[in-house]
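Participant: So the sequences go chain by chain: A and B. Here the first sequence stands for residues -4 to 251, numbered as in the numbering used here. Here the second sequence stands for residues 114 to 748, numbered as in the numbering used here.
You may find that some hints are simply not true.
What the hints assert, rightly or not - Examples of chain A residues toward chain B, derived with CB under 7 Å:
hint : residue
1    : Y50
2    : D53
3    : R74
4    : P88
5    : M90
6    : A98
7    : Q111
8    : R123
Keep in mind the hints are simulated off the structure, nothing from the lab. For each residue, glycine too, the CB sits at the ideal point set by N, CA and C.
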Amino acid sequence: MNAPALTVDGFVKTFGGVHAVEDVSFTVADGSVAALIGPNGAGKTTLFNLITNFYPADAGQARFYGASLAGLAPEKIARLGLQRTFQTARVFPGMTTLDNVLAGAHRRVRSHGVRQMLWLPGARQEERELAAEAQALLDLVGLSAFSAAAATSLPMGAQKLVEVCRALMARPRMLLLDEPAAGLTDAETAEFASLLRAIRDNGITILVVEHNMSLVMDVADDVIVLDLGRLIARGAPAEVQRDARVVEAYLGAQME
Amino acid sequence: MDQAVQIIIGGIVQGCVFALIALGLSLIYRVTGIINLAQGAFCIFGALLGYTFQVTFNWPMPLAILAAVAGTTVFGLVIARTTFVPGLAYLPNSSMLMLTAGLLTFIEGLTLVLWGSQPYATPTFSGERPLDIFGVLVPTQGLWIAGISAIVILATWFVMGRTALGKALAACAENPMAAQIMGIDVPRMTLMSYGISAMIAALGGIAVAPLMSFQFDTGSFFTNAGFIAVVVGGTSSFIGPVAGGLFLGVTEQLAAGYVSSLFADGVALGLLIITLLWRPQGLFAPRRARRHDVREDVRVHRAIVDFRGHGPALAGIALVIALAAIPWVINDGGLMSSLVITLILFISVLGLDVLMGYAGQVSLGQAAFMAIGGYTSAILATTYGVPPLAATSAGIALSLACALVLSLVTMRLRGAYLALATLAFGLLVDSLTVGLTDLTGGPSGLVGIPSFAIGPLVLASPTAMYFFTLALIVVIVLVLLGGMRSSFGRALQAIRTDQTAAAALGINVPAHKMAAFAIAAVLGSLSGSLYAFDFHFLSPEMVATPRSFELIAMLILGGDGTLIGGLIGAALITLLPTLFQPLALYKTLAEGAILVIVFRYLPEGLLGRGAWLVSRLAGALMETFAPTAAADKLP
Ligand SMILES: Nc1ncnc2c1ncn2[C@@H]1O[C@H](COP(=O)(O)OP(=O)(O)OP(=O)(O)O)[C@@H](O)[C@H]1O
Ligand SMILES: [Mg+2]
């Protein structure tokens, strides 16, 4: 067994008086799909923001393939190959769907600024290859017909898929997906499950926040459950589903 | 000792007026989060209206003053109702700031049309004889100013603190979203605050008019002073802007009295820049977190103008050929010169487009780089006989250095704060070009600048300059096009709308912003140098802050984020007044109106709108002849 892709070590974050994340530690094995679940406000998004250093942690740190991410700027973390998506789709307005996906390739582009400005053949060639690759990715999620449309004109579910494509364009080692399937129909969710498996089979580790339990049961190798900022359970999907504390957390959340 | 007291009293009198403008600015800022750059223009409008009523119509003074204040208030309400308030509903803060820059230009232009460009001096309220208070001479008008200011400040304090209206305004300032939910009519409150601000500005303008000479563009001076006072004083408390105004007035008078009047401007701008960088919440404000700006979330949506494929490429080639043919068709020297200036200004607009249109970083200081480039190269070429090409390069190097420093120190500022910092930078350069008389020739300008030359080839005629500039533009546009169409340009566009998501993709946001700043500075500087060599003359107002606003007008009129669109804007704004001489009077008015209208109704600009129409038309034709099912396939 290799080193874990991601190690979360004792993260703590409070906002004012709210304990958003309280002493959470877990690991995500290399090449696996892990699901992060929990009722609304459990601290899942905050945990993502801590891992990628969008918020400074009060305590704790994350390690990516053994290397500490503490104190690294978000863009540095992205360039290490740890890509994230956002809970509310953040496609770039004013750019086409294709350009949005291409923007994800930023960390891979070899020919920079000046060479592109001089229209050097190598730079143009690279552009064409990236565009073809982006088009293929859009094809994979069934959005290739909209590559020239404004990304913001797509429905929410499609925008989230564009965001996933954009993250994939970076050829990451690991993806953090925040509710990527929100807004998809059941049929589309099933397709999305196979996309997730395909991504994993390509060697990309995934940590996904998801509310749709059938999707979680379907693809996750490992489930991590948060409630009120605390890690209350982790294990294989079937195990976690039977865990009394998990059931209580979810039922409790529903009763309120 | 007496002299010091005299100076301080003068400073307090001036500070009172600054405080009034600052009060109006902060009132609007607290309700909307926008610095209303048009504020100073209402001062002038009110004062000149008062002059007309009192001197031209011969009305009794109290009636004239009342009518002028009422007229200005109504005017302010109309402006707010038609532009400012509706704009708030969908424009991001930085666009709102530029909308108010447009309003400033518009009102100045209107003033120019109504009252002409000559200075006015209004009679004092109570005679010219100064009052002798314990041996200190105080002009009675000074007492009037202090009295009126005190009344206005107390009245504002009373309204804000003790009345239902004040409570409602405070609620809007605290959290517009919550205020709306609580049933407060936020747009109405915004309108009210704008009207009150215009009223306060008019009172200040009318009171100070007898001590100054007023003309149509004095408004910018008042806006600048009020703006500096607000920044220095901070907006979080009622007393901040008032203290800031008085502090600024006294500091300026002391600097002017003991050093020189040039130094007064420098002190004011120094205060401004230090405060913006060191204590953005203001010197007199308690150090506490700024309220989260709810409006910051307004996202910039823009129609996409895509110029890929053979059609646009062919259109581009045709455009270049047509432009190259112009000198053979036109043999009007004046028109030719205007065309050259159009092209030269377009170079500056190109730089601005990379910075604003692509990277989304608002700059109100583009003309400052024209000034740096223009003056550096002109001085080197005229005084030291440096060849124009080398002199231009030196200007570019200096501009680049300034841009890097500016972008380093402003790196943490975003949106409106960045725009204000660039405005401060522009004003600083303005005051240097006027003030460093030995170097720049001061207000009367620098004469005897040689023609541009490349080695032995001297470009003496407008036609030669035209071809050279056109060739230069073709190269620049191609280079920028290459950059904007690849990962560099995509990164800039990503930063424009969402810096967080951009960083999440591994885009180095500060480095890209800096690169965009550098490109804007280089092109601005180049344009300024060519301008000086072409005109054989350079004066401060050719490259001052109003020029920055004009460049923005050109950019957004043509369409930002399109590179080529700026050419349409530059051509319209430069050529129309030349072609129709009687229109020259209306130039400022039109520029202001363009800024306002384009921001309000046509965010994609003329080129963008045109391209959109063409593509819609093409799409409709395609649809008719080859119906596709693309529309049904939306997931
Ligand atoms: N920037 C912030 N400032 C203040 N409080 C915050 C902030 N971000 C999150 N919180 C609080 O932290 C807690 C956890 O929020 P978080 O968004 O991480 O939950 P979540 O598990 O992602 O929920 P959801 O399923 O609704 O997305 C919530 O109580 C939330 O109100
Ligand atoms: Mg969340």
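Participant: Taking the hints in turn, state whether each one holds.
Facilitator: Here is how each hint holds up against the structure:
no., hint, result
1, Y50, "violated, 11 Å"
2, D53, "violated, 18 Å"
3, R74, "holds, 4 Å"
4, P88, "holds, 5 Å"
5, M90, "holds, 6 Å"
6, A98, "holds, 5 Å"
7, Q111, "holds, 4 Å"
8, R123, "violated, 11 Å"
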